[in-house]
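Protein chains: 2
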Amino acid sequence: MIKTASVILAHPYKKSFNHAIFDTSVKTLTDLGVHVCAHDLYEESFNPVLTTEELGKQPTKDPLVSKYVQELIESDLLIFIHPNWWGQPPAILAGYVDRVIRPPHAYDFDPNDSSAAPWGKLTEKGALVFNTSNTDAARETGYFHDPLESLWGRCVFGFCGLENYSRRMFRIISESDDAQRKGWLAETAEIIKNFGDYPKK
Amino acid sequence: MIKTASVILAHPYKKSFNHAIFDTSVKTLTDLGVHVCAHDLYEESFNPVLTTEELGKQPTKDPLVSKYVQELIESDLLIFIHPNWWGQPPAILAGYVDRVIRPPHAYDFDPNDSSAAPWGKLTEKGALVFNTSNTDAARETGYFHDPLESLWGRCVFGFCGLENYSRRMFRIISESDDAQRKGWLAETAEIIKNFGDYPKK
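Keeping their order, the protein sequence lines are chains A and B. Just so we're aligned, residue 1 is where the first sequence starts under my numbering, counting upward by one. Just so we're aligned, residue 1001 is where the second sequence starts under my numbering, counting upward by one.
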């Protein structure tokens, strides 16, 4: 049962299609009876730079990071919404991953065997990623090797033991019209609704 | 002839092995007669968050970003030094890419054909990337699909038309001893020396 969700947005332009996906996601989840922790990282002036003190397992001293961490721990579903910049998220979201998805709550290492694979701690959660792109699918996969799939599917969620994950890339944003965008927002809502069990489903 | 180089470091810990690679790179290039633009992004408190105004081609209003841009344009060689975090650079360096490697100086689009491939403008430069990692090679390539190679080789340099590129990943840092690290620094110097022609070579 998905009772709590973190929805994280990274896009600098308030009228971006990413914002529309964010608004749709929050409304869909709220209508499904979910407690939504929604964060527009730009709006909240999140600082993405991991500190020296955060290199190990020590808790962060940044209250906003602490809040995101607590919500991550409490969330059954994690949703990330961002454009494809260089095959990566915008730096502000790369820094969310650096600072929020940390040990000991997201993963940990065996103190007796430093070469052992990490112990993932997000195994019971689900995750959805919504991306926008101006690169066509053939070039994204054939030339760039779809780096966002590696990042989210394996480097982040796989590393933390989270297997219940799905990603949807909307493209080509720069060539899309209103009707197509409206269809994509409807699809966003459907993907969320079909992802799991909700209080009001 | 490599006369000018930008050397960019991203690591929060001043005694990190990344800092040693940075120092070795700067010294090696200086000894070769190169004008070195060396930047420890953490030390300089670089802000990695791309602004709304920087979404298009408008020049940045951040004087530090302007400085990095001007140096990028003037550099014959670009060197990036960073640890492998989530198959990405630390957010502070992801943001250097977002904010510094921008149109119209690093790439541009055909104003008459929005679907055409970008026009890379870093074609005459060379680039070296030095990484550190605690993941073994088989897991990095087999499971994670070596995302840093996709990022630097194709998503960043390939996108900007820069083909003269080489990357060296030093691993496993957490299990290395002083002798091994000393050898890696000597190798760093050799890689740089052998990369091209220099004023004092």
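Please keep in mind that the hints were generated in silico from the structure rather than gathered at the bench. Don't take every hint at face value.
Covered by chain A, according to a simulated footprint, are these stretches of chain B (three or more residues, beta-carbon under 8 Å) [stated by the list, open to error]: (1) 1073-1087; (2) 1148-1156.
Derived EDC-like pairs (lysine to aspartate or glutamate); straight-line CA-CA distance at most 16 Å [stated by the list, open to error]: (3) A:14 / B:1177; (4) B:1003 / B:1031; (5) A:121 / A:108; (6) A:14 / A:40; (7) A:27 / A:44; (8) B:1015 / B:1177; (9) B:1014 / A:53; (10) B:1027 / B:1040; (11) A:15 / B:1053; (12) A:201 / A:31; (13) A:3 / A:71; (14) A:14 / A:54; (15) A:27 / A:187; (16) B:1015 / A:53; (17) A:14 / B:1031; (18) A:200 / A:190; (19) B:1014 / A:54; (20) A:182 / A:23.
Computed from the model, here is a short list of chain A residues facing chain B with C-beta under 10 Å [unchecked claim]: (21) 12; (22) 16; (23) 46; (24) 47; (25) 54; (26) 59; (27) 89; (28) 101; (29) 104; (30) 117; (31) 139; (32) 150; (33) 151; (34) 159.
Values in this document were obtained by computation on a predicted structure and should not be read as measured data. Just so it is clear, CB atoms sit at the ideal spot from N, CA and C, and this is done for glycine as well.
With a cut-off of 16 Å on the C-alpha distance, tell me whether residue 1015 of chain B and residue 1177 of chain B pass. Within the cut-off at roughly 15 Å; holds.
Taking only the CA atoms, is the gap from residue 27 of chain A to residue 187 of chain A under or equal to 16 Å? With a Cα-Cα distance of about 14 Å, the restraint between residue 27 of chain A and residue 187 of chain A holds, given a limit of 16 Å.
Does the structure keep residue 14 of chain A and residue 40 of chain A at a Cα separation of 16 Å or less? With a Cα-Cα distance of about 10 Å, the restraint between residue 14 of chain A and residue 40 of chain A holds, given a limit of 16 Å.
Mind checking the alpha carbons of residue 1014 of chain B and residue 53 of chain A for me, to see if they're no more than 16 Å apart? holds (12 Å)
Taking 16 Å as the top limit, are the C-alpha atoms of residue 14 of chain A and residue 1031 of chain B close enough? violated (49 Å)
Please verify whether residue 3 of chain A and residue 71 of chain A have alpha carbons no more than 16 Å apart. Given pair residue 3 of chain A, residue 71 of chain A holds - Cα atoms ~12 Å apart, limit 16 Å.
Between residue 201 of chain A and residue 31 of chain A, is the straight-line Cα distance small enough, at 16 Å or below? OK: residue 201 of chain A and residue 31 of chain A at ~9 Å, within 16 Å.
Given a cut of 10 Å on the nearest C-beta pair, is the interface hint for residue 117 of chain A held or broken against chain B? At about 8 Å, which falls below the 10 Å cut-off, the nearest Cβ of chain B leaves the hint on residue 117 of chain A intact, so it holds.
Straight-line alpha-carbon gap residue 14 of chain A to residue 1177 of chain B, limit 16 Å: violated (49 Å)
Pairwise hint evaluation, residue 1053 of chain B against residue 15 of chain A, where the allowed Cα distance is 16 Å at most: With a Cα-Cα distance of about 13 Å, the restraint between residue 15 of chain A and residue 1053 of chain B holds, given a limit of 16 Å.
Is the interface hint satisfied for residue 150 of chain A? The criterion is a beta-carbon contact with chain B at less than 10 Å. holds (5 Å)
Holds or violated: residue 182 of chain A to residue 23 of chain A, with C-alpha atoms at most 16 Å apart: holds (13 Å)
Of the numbered hints listed earlier, those contradicted by the structure are 3, 7, 14, 17, 26, 29.
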